[in-house]
Amino acid sequence: MLTINYKQVYETSESGEKEWILILYDISANHYVGVPVYSKECEGSIYLNSINKYAIPNKIKDYNRSKMSRCIYIQNKPLKLSKKDYAKLIVSCKDSIIKYLNENVDEDIDGIAYLKWCRDKYNLNKEDIQSDNLKQNGIYWVNMGINIGSELRKLRPVILWRSTGDKKTWTMIPLTTKKRNDNYYFHYDLECLTEGSAKIENIMNYSYKRILAPYFSKDKLAIITKKDYDEISKIIERYYLFK
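Numbering (the working numbering), first residue to last: 1 to 243.
These are calculated hints, taken from the structure and not from any lab test.
Pair ranges (Cβ atoms, derived): (1) Asp62 x Lys220: 42 to 52 Å; (2) Arg70 x His31: 17 to 27 Å; (3) Val105 x Ser69: 29 to 39 Å; (4) Pro78 x Asp182: 54 to 64 Å; (5) Lys220 x Leu101: 33 to 43 Å; (6) Lys83 x Glu11: 21 to 31 Å; (7) Ser28 x Glu201: 21 to 31 Å; (8) Tyr239 x Ser66: 28 to 38 Å; (9) Lys227 x Val105: 40 to 50 Å.
Within a straight-line C-alpha distance of at most 30 Å, the following computed DSS-like cross-link-like pairs (lysine-lysine) qualify: (10) Lys167 x Lys220; (11) Lys199 x Lys226; (12) Lys40 x Lys94; (13) Lys218 x Lys199; (14) Lys83 x Lys18; (15) Lys77 x Lys59; (16) Lys40 x Lys61; (17) Lys67 x Lys94.
Virtual Cβ for every residue (Gly too), placed ideally from N, Cα, C.
With the hints as constraints, model all of the structure from the sequences given.
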């Protein structure tokens, strides 16, 4: 399997035709973010002296490792960007993304909500939250942000079901703020709250940094009962293991 390194140039057939791309960073073991590079200047391009190529910042996109065929070498050495040019390119990519959002995000409430969530995510990532104080099976307010289509979003209470060993990532079960009282077996009306149902079908893993505050019931942190825990466990087993 081809080894992929940051700041180096690779040949890919992602778009159906062969092209050279400069890798900036990875988003999974097999997916990377990069920009196309060319030998000649073209519209929207910037010159990168260390590789003697032109890159187009506003065409930054995701690339699949399986579509990359080879690393590009010049004089028996990988074509690699210098630290100075890398910093220059990152700034240009940032500017192009901001320009795109400014020109394309609607000037209405939905547009403002989306841009505010972008800012909030940045701030959440910088905050130093004490994960050790979080209680398993406790209920907390969590910022789920602006998601796609009908996915759950915005601020909502969740059950902290279980965590990784360092408590940095939690499996969370979103709650409604009213009893559902419906016939869906994957909606469970909680015993620990007078209002609220667990939506088992929306169970997700999230960073602890999305947790904003405890959810209080009768002036203390709401924690699910043993019955709640047992019933939810049964539903999870049925829903995800098809039992």
